[in-house]
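S.K.: Below, each chain spelled out in residue letters.
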Amino acid sequence: MARIVIRLDEQLHARRMTLTELAARIDITIANLSVLKTGKAKAIRFSTLEAICAALECQPGDLLAFDPALPAEE
Amino acid sequence: MNRTSAQALSVARPVIQGLTILNILYAAGITALLVFSFFIEGWPQRPLGFDLTHAHPYAGTGLRTIVVIGILGAAIVHTILRRLLAIVDTVRSGDPFILDNARHLQAIAWSVLALEVLRFVVASIAAAVWAPDKVDGFSIASWFAVLLLFVLSGVFAQGARMRADLEGTV
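Just so you know, the sequences run in chain order A and B.
Under this note's numbering, the first residue of the first sequence is numbered 1, with each subsequent residue one higher.
Under this note's numbering, the first residue of the second sequence is numbered 1, with each subsequent residue one higher.
Honestly, the hints are just simulated from the structure, not real lab data.
Idealized CB from N, CA, C, for every residue including glycine.
One or more of the hints may lead you astray.
Below, in silico cross-link-like pairs of lysine to any residue (SDA-like), each with a Cα-Cα straight-line distance of 20 Å or less [as the list claims (entries may be wrong)]: (1) A:K40 / A:A72; (2) A:K40 / B:L166; (3) A:K40 / A:R16; (4) A:K42 / B:R161; (5) A:K40 / B:R163; (6) A:K42 / B:L166; (7) A:K40 / B:R161; (8) A:K42 / B:T169; (9) A:K37 / B:D165; (10) A:K42 / B:L34; (11) A:K42 / A:L64; (12) A:K40 / B:A127; (13) A:K42 / B:S10; (14) A:K42 / B:A160; (15) A:K40 / B:A164; (16) A:K40 / A:R15; (17) A:K42 / B:R163; (18) A:K40 / B:L149; (19) A:K42 / B:T4; (20) A:K37 / B:L99; (21) A:K40 / B:L72; (22) A:K40 / B:M162; (23) A:K37 / B:E167; (24) A:K37 / A:Q59; (25) A:K42 / B:A157.
Counterexamples of contact, computed for chain A against chain B with all Cβ distances above 12 Å [said to hold, decoys possible]: (26) R3; (27) A31; (28) A41; (29) T48; (30) P68.
Just chain B, with the same shape it has in the complex:
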């Protein structure tokens, strides 16, 4: 392992743990916003300071739906971060080519795919409710990342099989 990889690896664990805490705080924050939205009189025009629902009658429902999707997204991100931490730990212990890591990577790939679908759903809601020409829900980089993760999961599965063979070689 070269010096840059070793440094990246030593930084990865605290960064992932920090991101996990931030993600939990984000989920708690938007859950609180969602709950409060039902108790604040004149929501959403009073907190926003202007009457959004006059021009866009479904803006309130749209905002609440997007927040619910946001909470769902945070839950998915949480599983990604937990799996990433497990992978980083196996790399630190010097034994990353195990089938568990291949499974983790495949699960992360599906999770990123789910996040992209959610992003598209959010963009569609936003477009349908208030801003048809302002929201873009498609990112080629993210879909490329999904593809890359599936390939990487296959590489890890093959690596794990080769590792198991090597262990039985005398």
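With the rest of the complex left out, here is chain A:
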């Protein structure tokens, strides 16, 4: 997801929540959340997105953004 930016850090920071706490709440491993947070994920399941949005009380648009200035994925 080269031009898709994940804004998980900002959302966590706004809610004073750590990655470990979020992982425990939505029952996803910290390793998988780290992959998502660092933008290394190739895809995100709707179920994961739904769980994160429910835990952080936000919209998918708050977590994901498209940045055309970034290089496209090959």
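Here the structure of chain A is known, so what remains is to put chain B in place on it, guided by the hints.
M.R.: For chain B alone, kept in the frame of chain A given last:
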């Protein structure tokens, strides 16, 4: 994995290793035959017990050529068995959908195709030298196997790509 597949998998490794040893022994045996053929006086009529070359003047050359093709075939079979063993090992370790296996299967498909071509060459030599109506070098099952192997290699390549995608899915 069901019980039959698990049993087949546990048997596959020793069977492939056994076949590898047999193939090496076969290659060594026919290489020895080829070498000895140059040193045995009156070859091939004396070891055969009848004069083949009288009726078929090129029988000796034909036999030697077929033996050389046999050695080449054994070398190809050896590469097939090594690749098959590598595939079986990845299945046993629970991670068969990798690009290496797709490449192995494609190489096996080309190797089986080469063996079929060699079989046709042997049949042609045999037909040209001594038995035009006795040798059949074509087997539909083998060509079907070649086709199947190419398809299977494509399936593995696609499976490996899907697996890589799945690994990056959160």
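S.K.: Taking the hints in turn, state whether each one holds.
M.R.: Structure-based check of all given hints:
Note on K40 of chain A and A72 of chain A: the hinted pairing holds, with a Cα-Cα distance of about 14 Å set against a maximum of 20 Å. At roughly 13 Å between alpha-carbon atoms, K40 of chain A and L166 of chain B fall within 20 Å of each other, so this suggested pair holds. With a C-alpha separation of about 24 Å, the suggested pair K40 of chain A and R16 of chain A falls outside the 20 Å cut-off, and the hint is violated. With a CA separation close to 12 Å, the supplied pair K42 of chain A and R161 of chain B stays within the 20 Å bound.
The suggested pairing of K40 of chain A with R163 of chain B holds, with an alpha-carbon distance near 16 Å, which does not exceed 20 Å. A hinted pair counts as satisfied when its Cα atoms are at most 20 Å apart, and K42 of chain A with L166 of chain B qualifies at roughly 8 Å. A C-alpha spacing of about 17 Å is found between K40 of chain A and R161 of chain B, which places the hinted pair at or below 20 Å, so the restraint holds. Note on K42 of chain A and T169 of chain B: the hinted pairing holds, with a Cα-Cα distance of about 6 Å set against a maximum of 20 Å.
About 17 Å separates the Cα atoms of K37 of chain A and D165 of chain B, which keeps this hinted pair within 20 Å; it holds. A distance of roughly 58 Å separates the Cα atoms of K42 of chain A and L34 of chain B; the hinted pair therefore is violated under the 20 Å criterion. Distance restraint check for K42 of chain A and L64 of chain A: the Cα-Cα separation of roughly 13 Å lies within the 20 Å cut-off, and the hinted pair is therefore satisfied. For the hint linking K40 of chain A to A127 of chain B, the alpha-carbon distance of about 63 Å lies beyond 20 Å, and the restraint is violated.
Proposed proximity of K42 of chain A and S10 of chain B is contradicted: the alpha carbons are some 35 Å apart, above 20 Å. As the CA atoms of K42 of chain A and A160 of chain B are separated by approximately 15 Å, the hinted pair is consistent with the 20 Å bound. Distance check on the hinted pair: K40 of chain A and A164 of chain B sit about 13 Å apart at the alpha-carbon level, within 20 Å; holds. Note on K40 of chain A and R15 of chain A: the hinted pairing is violated, with a Cα-Cα distance of about 23 Å set against a maximum of 20 Å.
Of the pairs offered as hints, the one joining K42 of chain A and R163 of chain B holds, with about 12 Å between alpha carbons and a cut-off of 20 Å not exceeded. Straight-line distance between C-alpha atoms of K40 of chain A and L149 of chain B comes to about 35 Å, which puts the hinted pair past the 20 Å bound. For the given pair, K42 of chain A sits about 36 Å from T4 of chain B by alpha-carbon distance, which is inconsistent with the 20 Å threshold. Straight-line distance between C-alpha atoms of K37 of chain A and L99 of chain B comes to about 28 Å, which puts the hinted pair past the 20 Å bound.
Our distance criterion of 20 Å between C-alpha atoms is broken by K40 of chain A and L72 of chain B, whose separation comes to about 48 Å. About 17 Å separates the Cα atoms of K40 of chain A and M162 of chain B, which keeps this hinted pair within 20 Å; it holds. The hinted pair formed by K37 of chain A and E167 of chain B meets the criterion: a straight-line CA distance of about 15 Å does not exceed 20 Å. A threshold of 20 Å between alpha carbons decides the hint, and for K37 of chain A with Q59 of chain A the separation of about 16 Å falls inside it, so the pair holds.
A C-alpha spacing of about 18 Å is found between K42 of chain A and A157 of chain B, which places the hinted pair at or below 20 Å, so the restraint holds. Remark: the non-interface label on R3 of chain A is consistent with the geometry, its nearest Cβ contact in chain B lying 16 Å away (cut-off 12 Å). For A31 of chain A, the requirement that its beta carbon stay farther than 12 Å from each beta carbon of chain B is not met, with the minimum near 10 Å. Its beta-carbon lying about 5 Å from the closest one in chain B, A41 of chain A breaks the requirement of being farther than 12 Å from that chain.
A cut-off of 12 Å between C-beta atoms contradicts the statement that T48 of chain A is not in contact with chain B; the least separation is 5 Å. At roughly 22 Å from the closest C-beta of chain B, the C-beta of P68 of chain A stays outside 12 Å, upholding its exclusion from the interface.
Hints 3, 10, 12, 13, 16, 18, 19, 20, 21, 27, 28, 29, counting from the list given before, are not met by this structure.
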